[in-house]
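S.K.: As given, the protein sequences belong to chains A, B and C, one line each in that order. Heads up: the first sequence at position 27 corresponds to 27 in full-length UniProt numbering, and the numbers run straight through without jumps. Heads up: the second sequence at position 142 corresponds to 142 in full-length UniProt numbering, and the numbers run straight through without jumps. Heads up: the third sequence at position 81 corresponds to 81 in full-length UniProt numbering, and the numbers run straight through without jumps.
No lab work stands behind these hints, which were simulated from the structure alone. Mixed in with the good hints there might be a few duds.
To be verified - Taking lysine-lysine pairs in the BS3-like style, the calculated list, with each CA pair at most 25 angstroms apart, reads:
hint	chain 1	residue 1	chain 2	residue 2
1	C	Lys279	C	Lys126
2	A	Lys551	B	Lys141
3	C	Lys203	C	Lys135
4	A	Lys551	B	Lys102
What the hints assert, rightly or not - Chain A stretches covered by chain B per the calculated footprint, using a threshold of three residues with CB under 8 angstroms from any CB of chain B:
hint	stretch
5	272-279
6	543-552
All residues carry an ideal CB built from backbone N, CA and C; glycine is no exception.
These are the residues of each chain, in order.
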Amino acid sequence: MSSTAVTPASRLRVPRWVVPAGIAALFALAYLAFRGTGTLPHNSEAAPFTAVTELREWIDDHRNDNPLFLYFLNYIRLFVDALYTSFHAVLVAMGWPGLIGVMGGLAWLAGGWRVALMAVAGFCSFGVFGLWQSSVETLALVSAAVLLSLAIGVPLGIWAGMSARVRKAVTPVLDVMQIMPTFAYLAPLALFFHIGAPAGVIATMIYSIPPAIRITALAIEQVSPTAVEASASLGATQAQTLFKVYLPLARSTMALAVNQTIMMALSMVVIANLISAPGLGSDIIRGLSRAQVGIMLPAGIAIVIMAVILDRMMVSVARRDPHSRIGRGNVAAAGVLAVAGLVAAAFVPRQWPEDLTVSVTRPINEAVLWAETSWYGVTTFVKDTVTIYLLNPLETVFTTAPWWLVAAAVLLVAWRVSGVRPALTALVCLLGIALLGTWEHSMRTLTTVAVAVVATLAIGVLLGIAAARSDRFSAVQRPLLDAAQTMPAFVYLLPALALFGTTRFTAIFASIIYAVPPVVRLVEDGIRHVPTSVIEAAASAGSTSAQILWKVQLPMARRAILLAANQGIVLTLAMVVVGGLVGAGALGYDVVLGFSQRPDFGMGFVAGVATVLLGVMLDRITQGADRRSLPHKRKFT
Amino acid sequence: MSPDNAAIAVEGLWKIFGPKSERVLASEDKHLDPAALREKTGCTAAVRDVGFEVRPGEVFVVMGLSGSGKSTLVRCLTRLIEPTAGRVTIGGEDVIGASPAKLRDLRRHHVSMVFQHFGLLPHRRVIDNVAYGLEVQGAAKAARHERAREILSLVGLDGHADSYPDQLSGGMQQRVGLARALAVDPQVMLFDEPFSALDPLIRRDMQAEVVRLHREVGKTMVFITHDLSEALKLGERIAIMRDGRIVQLGTPEELVGAPADDYVADFVRDVPRSHVLTLRWIARPPEERENLDGPELPANTLIKDAIGAVSTSSRPIRVMDGEELAGVFDRVDMLAFLSGQETPATAQVGA
Amino acid sequence: MKIRLFAGLLALGLAAGCGGATVDGGATTAASPEGSADAATPAGTVKIAINPWVGYEASANVVAYLLKNELGYTVELPEIKEQLAWEGFETGDVDVIIENWGHPDLKKQYIEEKKVAVEAGSTGNKGVIGWYIPKWMADENPDITDWKNLNKYADLFKTSESGGKGQLLFGDPSYVSNEAALIKNLKLDFKIVTGGSEAALIKSAQQAQAQKKPLLFYFWDPHWLFSQTELVRVNLPEYTEGCDADPKKVACDYPEMDLDKIVSKKFADTGGKAYELVKNFQWTNEDQNKVSDDMTNGGMSGEEAAKAWIEANPDKWQAWIPK
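Construct the entire structure; sequences and hints are all you get.
M.R.: Take a look at the structure:
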């Protein structure tokens, strides 16, 4: 950043709104004048698409004779496959009582009888829902992916935590990985690792690796430098310092890294089903393609339950007092539970007995049908109003505006909000989108994202303010937010689909539910972190509570609110793209289509790349909050 | 003095934090000492049965260690913290029973406050911080900026109007806080340990600033501090708080010269008494053969300021209360006082 | 030092790999650890891919039921869409596609070139894909059934999702589809809107009939819906042999297809009785419609519906069981 002081000239001040309003008017005029020219309509045979499709055909033909595949990629595939298969074999061999017993035992060791009870009940529910087999497959897939993520991520994280240079190199890559919509991972993987469980494991692993690296690095960084210095001053080698100082001190934070990795993996396994990975995702996709919430919901709940169990176990480990040892009684109880399960497994069939299952498909479908018919008027009204008065006109604007006008607008907004460098990055991303031949569909996706983001921010900021101002409201809302944030993204498609059918609005609705919780939380925390001294000062000057909100709390929570906007946008984009499965169309649908129709593979692949570019662009436009200080502080930086 | 012509009158004020504070107030538990009270009820009594009156134009200091309840007390005055029981009137208006609108009016026009951590709005320029009080009153922009500039020059911040608070030093930030409080032209100003976050040298400047402002604008001031020397320097009267109660209320001289209990005595032990006490404290009735033609000094002269005079005069010094002779003292008396021995006269007057 | 280490690893890898690894789940020298090889024994596993339409599921469930209960196999029914299922033959994720709709390009690639799949005969079902409208529309506008007049009525089919053009409602993205090419080449003022599923198509068709809402949609026979809802097919330019050879230039209707079964080469070679059963499986459109109707409208699971049909038609299925 520049080192010159930027102090706005105080004389000759034009009202603050004049310049932006003027520029906006200018853009509106330019749009009206040039509307319909310089558009880049979608062509499903654009050169980048066909090039990738041809590459795929070539790879398919040479998968078994090209050295890169024969001696490298296929070995990775083989290795991962063996890992998954052996995990799966072990889990199946334990039988259902064995697996329940062992999970219960582990949970007992991690967090005592309460967590154990939850684990046992949770795993039983998989069987009761008739999802035992899928759940075991998912567990095996997640275990394999998490193991690999940690095997790669933890050493990298330790390295990044100890070396500033490595950290600098890794951080931007992780940044991009974390704003990449999940869909974008799939096509390249299918290209190099084919389809099936191994490709699914690798996709899941790549998706869940960033938190493993990031949080481990953070854990290492947080280790008190005094302890490290003391260790070094006693003549410890670097390895000794690592194992005797860094790792023990970083332990509980690192347990959170494991936890985050598991959660990310669980949210990816469903999407991995698009490249034929087995597990609960299969049931959810089946429900989607049958439009039966009754099939999807139990599978969605099963994933949530699995997430909650694993989350509780890891959180208990992370929070455990480092000085306490696990009591002998607990070890014994855990052992008894595990052994009892394994012994019982020898006497009963390995599969969950069918007469212990309860089919909930039909009642759920009926309930959904009831909701659909009795709320038809309301849901249709909402959907049509938003679509006709907001979505369609906006989409027309975006798709008929000349590309250079959109580019200029993006450049200007990003510059204003985030500074020069992010603005240039955003521009490059946008030009990339144009060159890839995905302009029109990206603009359509952008429209959907824009509408969803506006709604998300409106709802999120309101709820955040309400929570910050009322402790009671916050107390009621917080557990809901916690639960919502543990759930895999996919689950949010269910209610949306049930209420609104397959339309763009469904994707908007789903992404609102998906993105609102983090926004609420950031806004609430931002407002709550406004120092009480300032609030008191404002109150003692006789401010009404509305004045305190508008003149003090909101302006001072500006960073948090902008960060919330940034997060909201990135999350919304991810969900809108996934919404391609439920009618969102545009880029997300292109990705889905790419997996469904071979001739469109290239388009799907490129659409995946375009979602990444779009994500980076939106992030850069709005990242001002995160990485740029308040304007008047610039002189210090 | 009746509550009506007092600037601030406080009577039977209680603040109990914790669950069911009302019930604690109604019971005899409220008289337990703090630790026992917390043990028994989970409540903390921060202010216990406090009463005092502040005269218009007076600088009234409340002083105590941290946790003594002084900050809670000052917040109860404008109900930034809602008192549990008691009466507060400011300028004759009942504060406790005031409606929210009335209370806001009081805060907007009659009472303003300066805070320990300044409480400035970091997103606003200095001038908009100073004008904040006028802004929430609904004053027009030009008018409030004009007033804010006036006040800024009064507190010596000319030329900083367009800076942001975090571009100023701590002392300057507190001047902004001071200016903000002055801008609304209140009758009463409350200071909550305003200088304790500042470096000692700057603190001294700021204390001088307050003394100067008080002289120039003549506001009634309630000043909270934990610094005894600050209290003695600024306060016309000082209330010493301990565990939520006022243990002694009096002029600096009274506190130093006649501490009410061991706690206060302990407090004021290290105070150089010659800097606080006046000649009144060492003046004694002239003995019979003493000649009364020595130099005259007014009775409210600080003892330290009389050292030069007494040491150059072989005759006893006459202490004059107006035209009347209040007493005399000589070198021996002065030396006895400075060496820390109590003189009979002190005991008499202090009683 | 590092280079030497890397070279050593590389050498080790090459030595271990011998001829390198292929994607079908094994190094060329090693046998695959799991998979259809053990399908040769009666207790083996058969993986029948499930494509997302109920007719397919009906066939798959009947075959799965017989494999399980008559021959003692374990059956997996992974949810894999049409084209990916073909890739599954190569990776070992799929043994059987029980109802294949044409796909000459995939047959060429996987059967002739890669030799990982083989045909296993007709299912006996005749399949036709086409564009349909509710009958009341044809009654009101008799000329609407000719594609040449579609543009005239395009306004009728507008929806909030169709961007000012007429809407052509499509199903699951994975379905066999010439729609984009047809609209382009026949210069129709229509936009494809993807409902995403068979269920979305059915629901729209039922609403179109009940509420008299205009609808033009992609659909196919065999389907139970025809017995409940009156639908009329729109006549596209007639199919002639080879008019659909280039998918980009298609400007003709879909042909009537003999639906057939495709199995992986490995399954054909080692599948034993299971393969025999799959090969023998053959039934009529009515049979399939009965099972799918039970599954969709009779509230039965796939397994229950299959069981009901099997109990009612012993003579039909007994002929499929290998001796």
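S.K.: Are the hints correct? Go through all of them and say.
M.R.: Status of the hints after comparison with the structure:
The straight-line distance between the Cα atoms of Lys279 (chain C) and Lys126 (chain C) is roughly 17 angstroms, inside the 25 angstroms bound, and the hint therefore holds. Between the alpha carbons of Lys551 (chain A) and Lys141 (chain B) the distance comes to roughly 15 angstroms, so the proposed pair stays at or under 25 angstroms and holds. Straight-line distance between C-alpha atoms of Lys203 (chain C) and Lys135 (chain C) comes to about 16 angstroms, which keeps the hinted pair within the 25 angstroms bound. A C-alpha spacing of about 21 angstroms is found between Lys551 (chain A) and Lys102 (chain B), which places the hinted pair at or below 25 angstroms, so the restraint holds.
Coverage of the stretch 272-279 of chain A by chain B is violated [criterion: at least 3 residues with CB-CB distance below 8 angstroms; count 0]. With 5 residues having a Cβ less than 8 angstroms from any Cβ of chain B, the stretch 543-552 of chain A passes the three-residue criterion, so the hint holds.
Of the hints listed earlier, the one the structure fails to meet is number 5.
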